[in-house]
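Mind assembling these two chains? They're in different frames, but the hints should get you there.
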Amino acid sequence: EADIYQTPRYLVIGTGKKITLECSQTMGHDKMYWYQQDPGMELHLIHYSYGVNSTEKGDLSSESTVSRIRTEHFPLTLESARPSHTSQYLCASSGANYNYGYTFGSGTRLTVV
Amino acid sequence: DAKTTQPPSMDCAEGRAANLPCNHSTISGNEYVYWYRQIHSQGPQYIIHGLKNNETNEMASLIITEDRKSSTLILPHATLRDTAVYYCIVRGNSGYSTLTFGKGTMLLVSP
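Protein sequences appear in the order of chains A and B. Residue numbering for the first sequence follows our numbering, beginning at 1 and increasing consecutively. Residue numbering for the second sequence follows our numbering, beginning at 1 and increasing consecutively.
Because the hints were derived from the structure by calculation, they are not lab data. The C-beta atom is built at its ideal place from N, Cα and C for all residues, glycine as well. Any given hint might turn out to be false.
Derived Cβ-Cβ restraints for the label pairs, each shown as a range [what the hints assert, rightly or not]:
1) Ile74/B to Pro83/A: 34 to 44 Å
2) His40/B to Thr20/A: 23 to 33 Å
3) His77/B to Thr111/A: 37 to 47 Å
4) Ser94/B to Pro83/A: 29 to 39 Å
So here's chain B without its partners, still in its complex pose (with noise of 0.2 Å):
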């Protein structure tokens, strides 16, 4: 699987956008962007996944460029929970692929 890059730390205020860019420059053509969410040591939450569309749902939206070597999460109105490690991995699209995290990103919401 292909090895993403994030900032180790970002800051946003509460009501804002928060977003989260990650690079992924060796992603091959079957393989999908997930994005996770681990807060204070509890059990990591999946948040969105997509392979070359743009995709939202109820928690965020994910923007992934044209050439798939970059993406960026959103969170369109950061509150204090939000306050998290969030994780970018890229994964093959074969169902005994398993997920690898990385550093993550440490996003610090505040008020």
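So that you can see chain A by itself, here it is in the shape it has in the complex (with noise of 0.2 Å):
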């Protein structure tokens, strides 16, 4: 069955690690997107493509980065994680009929101590 997967599902890591949350699908989108949730909070747009070598700034500034090599893949990088980067992201993609709206995965849910 053709899904969008995040891995890890948790991660806690210590100050000033580098550290990569992956995002893959199977469903052949070209579109994909990064948000970041805190807990109770709004969801928040921190980066999206519309394919591949393709990468925008949401409307969440953010210090993370991403990537987009292969259609399937949207990897999120932070250099050098603090803790206010404690948070959920969320990867979402949608294909060429946006009409049907976006497919998210589970989330990563990133503590930083």
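Here it is as structure tokens:
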């Protein structure tokens, strides 16, 4: 079954470490997105991509970076994690027929100590 | 994209219909109304969308007023598993439009 996968599901890491959150989809979607959500708060778009080698910054400024070298893969990297980066990160994708909405992954819950 | 207004919370008894309202008075003619829900901080799940006609699928019905300034999501027979935050989002018809989530409505379905 086509789906979107995020790993790890949970991550606890020390300040200053470099981390990469993985997101892969098997639906051949050209558009992919990263949202950040603090507990009990709204989702905020931090990065998106319209296809290979395309990346854009979202509405919320983020110290993270993304890359899109393959259609199915859209990893998010933090070069030096800080406690302020503690949050849930949700990846999503959408296809050419955007009217069918976004498909979201289960998220990565990041805690920086 | 137009802004939406939703009540912060609603209650519903199990088995009854849940009617979730959304105001989008500044919606423009080419903007769609989308509904998503998020169960306990999982990834949001697409429910339904519409432009001006009422829509129904296996999950819910969407009723859009004739002037398109408001809409109602209807869950015909709510179950405990429908407890979630429901988001009403207005989005342009370009394939390059992104989804902007607001605070949504927390629906609590009780036995």
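Each hint tested on the structure:
1. Ile74/B to Pro83/A: 34 to 44 Å: holds (43 Å)
2. His40/B to Thr20/A: 23 to 33 Å: holds (26 Å)
3. His77/B to Thr111/A: 37 to 47 Å: holds (39 Å)
4. Ser94/B to Pro83/A: 29 to 39 Å: With a Cβ separation near 38 Å, Ser94/B and Pro83/A satisfy 29 to 39 Å, so the hint holds.
The structure fails none of the hints (numbered hints given earlier).
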